[in-house]
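Take a look at the letters that make up each chain.
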Amino acid sequence: MEFLVLIQVLDSALRLAVPLLFCSLAGLFSERAGIFDIGLEGKILIAAFFAAATASVSGSVWVGLFFGISASMLFSLLHGLASITFRGNQLISGVAINFLAAGLTVLIGQSWFKLGGRTPSLSGNARFSEITLPFADNVSNVPIIGPIYSELLSGHTALAYLAILMVPISWYILFRTRFGLRLRAVGENPAAVDTAGISVIQLRYLAVIICGLLCGLAGAYLATGLAAGFVKDMSAGRGFIALAALIFAKWRPWHILSATLLFGLLEAISNRFQNIEILGIILPTQLMQALPYILTVIILAGFVGKATPPLAGGVPYIKE
Amino acid sequence: MDVLPKWVDTVIIPLIGVLISLIFSGIIILLIGENPIDALKLMITGALGSTYGWGYTLYYATNFIFTGLAVSVAFHARMFNIGGEGQAAIGGLGVAIVCLSFGWTHWFPALLAATLGAAIFGALWAAIPAYLQGKYGSHIVITTIMFNFIAASLLNYLLVNVMRPTGSMDPATQKFPEATSLPSLHDMLEPVGISFSKAGPANISFLIALIACVLVWIFIWHTRLGYQLRAYGHSESAAKYAGIKPFKIIMISMLISGALAGMMATNNVMGEAERLIMNSTEGAGFIGIAVALMGRSHPLGVLLAALLFGFLYQGGAELAMWTTIPRELIVVIQALVILFTGALENMVRAPLNWLWLKSRRGTS
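Protein chains in written order, with the numbering used here: chain X, 4 to 323; chain F, 145 to 508.
Any given hint could be a false lead.
Straight-line C-alpha distance at most 30 Å; calculated DSSO-like pairs for lysine-lysine [claimed, not checked]:
{"id": "1", "chain 1": "X", "residue 1": "Lys322", "chain 2": "X", "residue 2": "Lys253"}
{"id": "2", "chain 1": "F", "residue 1": "Lys185", "chain 2": "X", "residue 2": "Lys117"}
{"id": "3", "chain 1": "F", "residue 1": "Lys389", "chain 2": "F", "residue 2": "Lys279"}
{"id": "4", "chain 1": "F", "residue 1": "Lys185", "chain 2": "X", "residue 2": "Lys235"}
{"id": "5", "chain 1": "X", "residue 1": "Lys322", "chain 2": "F", "residue 2": "Lys384"}
{"id": "6", "chain 1": "F", "residue 1": "Lys384", "chain 2": "F", "residue 2": "Lys150"}
{"id": "7", "chain 1": "X", "residue 1": "Lys253", "chain 2": "F", "residue 2": "Lys392"}
{"id": "8", "chain 1": "X", "residue 1": "Lys322", "chain 2": "F", "residue 2": "Lys150"}
{"id": "9", "chain 1": "F", "residue 1": "Lys185", "chain 2": "F", "residue 2": "Lys342"}
{"id": "10", "chain 1": "X", "residue 1": "Lys117", "chain 2": "X", "residue 2": "Lys235"}
{"id": "11", "chain 1": "F", "residue 1": "Lys150", "chain 2": "F", "residue 2": "Lys502"}
{"id": "12", "chain 1": "X", "residue 1": "Lys253", "chain 2": "F", "residue 2": "Lys279"}
{"id": "13", "chain 1": "F", "residue 1": "Lys502", "chain 2": "X", "residue 2": "Lys322"}
{"id": "14", "chain 1": "F", "residue 1": "Lys384", "chain 2": "F", "residue 2": "Lys279"}
{"id": "15", "chain 1": "F", "residue 1": "Lys279", "chain 2": "F", "residue 2": "Lys392"}
{"id": "16", "chain 1": "F", "residue 1": "Lys319", "chain 2": "F", "residue 2": "Lys342"}
Here are some of the chain X residues that sit facing chain F, going by a computed Cβ distance under 8 Å [said to hold, decoys possible]:
{"id": "17", "residue": "Ser96"}
{"id": "18", "residue": "Ala247"}
{"id": "19", "residue": "Pro287"}
To be clear about the criterion: a stretch of chain F counts as covered by chain X if any three or more of its residues have a C-beta under 8 Å from a C-beta of chain X, and this derived list gives those stretches [stated by the list, open to error]:
{"id": "20", "segment": "283-294"}
{"id": "21", "segment": "297-308"}
{"id": "22", "segment": "464-473"}
{"id": "23", "segment": "484-494"}
FYI, nobody ran anything at the bench for these hints, they're computed from the structure.
Glycine included, every Cβ here is placed at the ideal spot set by N, Cα and C.
Using the sequences and the hints given, assemble the complete structure.
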């Protein structure tokens, strides 16, 4: 019994970590290229809305995925326009994007569906179905390994497996390709990249577009995988937790995986248990909810190793 | 670079930004299938057409003056304080503790003590991110965002587990004693012979907000410390060279900023709800960002921008009541104002720059 509870909590942690993982990797590409992005939250939200809205109208989750990603990319381009082309303040632009998404999703949702900002509930092909891994049913009776395979590892949506896969892919792109090297260079020393005859503007726009793509996947997963439809403010601070995970991982892909799994686990625990008693001390559920933020502040303060952001982060590049 | 005269930069550019935002909002209203002109008329009569409307407009404006000033003071030292929301919420905690702990007999000493409590609690909540920025270089934007969430969790815990009266299901404190009830604008204007609606929640905190505007203006432009703060904001290296200590400036600007955000609680917690409830700030901390950007971090600008947002808030509530336009329209307008007076400011400025240069060349 105890063991099964553990498996269930871990399974739920994995599900909850998926949007954080996509979103944190999104932030990784953007911030490694020198574009701070506190608008991750808004991009997840707008993607979640358009994914759910178009999936519900068309009945196809793939149509939803396409429009979710498109909406998120459009917001990314807006961020790019403000922070790359017009050299505005990237943080202010991020704040604007968060509010734009929070307002527009309800406004459009109410106008289209008249459900107070929700979309109709999705079912069947309008949602991502769970994939059963091969032999999952056969081995479920094997002690320990059986439940781990069939309950924990099997039975997730395609997007969840894609999210895990995105970790090595992101690592490879960023650290083993020429594009990745240039992208990281543009976040550390854009003038050097410019001197080498490579367009800083183009690279940064590419980074921002990749960020939009990944945020789109996070939002689509949220509304059509994890939940069955969009509800107002459904991103619920996940963009900021993802940002926290990104800092917690000190801008490194594999560490992002562990950070998002940890934060997913914290959310799963606080969802399942009200108060947790450890060694006679009762930990309130609110502490679990606040823990990702507290940990990030501690990391940022350098108490547990220093988190140094990319050098040129937040600074618009002005060609001489 | 700085070819535009100062008045264009401080008055015309933000006005154009707001105008663009309102035009976009009009288009959105049109797309929803409502008439933007009718909507505007409804907003004006709803928010400004009666003393009842004014009672709400000024109540909201009071909140936004405090949070707008909070963001502005930090802006002058080039600190971006996104934590106004959390600082205002914790300020509410200060107000609640002051109002509930002492046997108040008159509202006036209670208001003074509550203002102090709110300011201290708000300042303390800003102090930790400020200290971490000053000492360890942790980015103030990220830490203040994190502290907003931590504040929400903390208040959630306190209201559910500690401050909730026994037997009550509602996560809120008990009602504050009768004596701490603040005079509303109705009570204040009646002796002068002006009849003002009893219903609106605007109260004496509005006057405190106006005083705060004047004090911030004096502080920023007429004190040595204010000068140091602005010098640091303009150029960190020059300020250091002039013997200004960054740590001191970061701490002072953020403490004042947090105190101002916290003081908002005298209006919404003490003046309106008269008890501390969950999510009492309702996003006012974030609206402070739009207000400060639009008001160019100047107290007069902040006052005008806060009045505009107070109008939009009350007008938006009226729209939601009488049309199919949801309240979230204000959130969109707020986002557009932040976008066009903040992030995309250079887009507004570029054509003006070009026009200005062209006209200069024509005359000379």
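Hints, one by one, checked against the model:
1. Between the alpha carbons of Lys322/X and Lys253/X the distance comes to roughly 29 Å, so the proposed pair stays at or under 30 Å and holds.
2. For the proposed pair Lys185/F and Lys117/X, the alpha carbon gap of about 24 Å is at most 30 Å, so the pair holds.
3. Between the alpha carbons of Lys389/F and Lys279/F the distance comes to roughly 12 Å, so the proposed pair stays at or under 30 Å and holds.
4. For the hint pairing Lys185/F with Lys235/X, the CA-to-CA distance comes to about 28 Å; that is within 30 Å, so the pair holds.
5. Taken as a hint, the Lys322/X and Lys384/F pair is honoured in the structure, with Cα atoms around 27 Å apart against an allowance of 30 Å.
6. At most 30 Å may separate the alpha-carbon atoms for a hinted pair to count; Lys384/F and Lys150/F meet this at roughly 27 Å.
7. In summary, the hint linking Lys253/X to Lys392/F is supported, as the alpha carbons are separated by about 28 Å, within the 30 Å threshold.
8. Between the alpha carbons of Lys322/X and Lys150/F the distance comes to roughly 26 Å, so the proposed pair stays at or under 30 Å and holds.
9. About 24 Å separates the Cα atoms of Lys185/F and Lys342/F, which keeps this hinted pair within 30 Å; it holds.
10. Between Lys117/X and Lys235/X the CA atoms are separated by roughly 13 Å; this keeps the pair inside 30 Å, and the hint holds.
11. Annotation: proposed proximity of Lys150/F to Lys502/F holds, straight-line Cα distance about 18 Å (limit 30 Å).
12. A C-alpha spacing of about 19 Å is found between Lys253/X and Lys279/F, which places the hinted pair at or below 30 Å, so the restraint holds.
13. A distance of roughly 24 Å separates the Cα atoms of Lys502/F and Lys322/X; the hinted pair therefore holds under the 30 Å criterion.
14. Only pairs whose Cα atoms come within 30 Å are accepted, and Lys384/F paired with Lys279/F is accepted, the gap being roughly 15 Å.
15. Between Lys279/F and Lys392/F, the direct Cα distance comes to roughly 10 Å. Compliance with the 30 Å bound is thereby established for this hinted pair.
16. The suggested pairing of Lys319/F with Lys342/F holds, with an alpha-carbon distance near 20 Å, which does not exceed 30 Å.
17. The closest approach between the C-beta of Ser96/X and any C-beta of chain F is roughly 4 Å, which is under the 8 Å cut-off, so the hint is satisfied.
18. For Ala247/X, the shortest C-beta to C-beta distance to chain F is roughly 7 Å, which falls under 8 Å, so the interface hint holds.
19. Interface restraint check for Pro287/X: the shortest CB-CB distance to chain F comes to about 5 Å, inside 8 Å, so the restraint holds.
20. Counting residues of the segment 283-294 of chain F whose beta-carbon sits less than 8 Å from any beta-carbon of chain X gives 9, enough to reach three: the coverage restraint holds.
21. Figure legend: the segment 297-308 of chain F, annotated as covered by chain X; annotation consistent (6 residues with Cβ-Cβ distances under 8 Å, at least 3 required).
22. Counting residues of the segment 464-473 of chain F whose CB lies closer than 8 Å to any CB of chain X gives 5, so the stated coverage by that chain holds, three being the minimum.
23. Evaluation of the coverage hint for the segment 484-494 of chain F: fulfilled, as 7 residues show C-beta separations to chain X shorter than 8 Å, against a requirement of three.
Every hint from the earlier list agrees with this structure, and none is contradicted.
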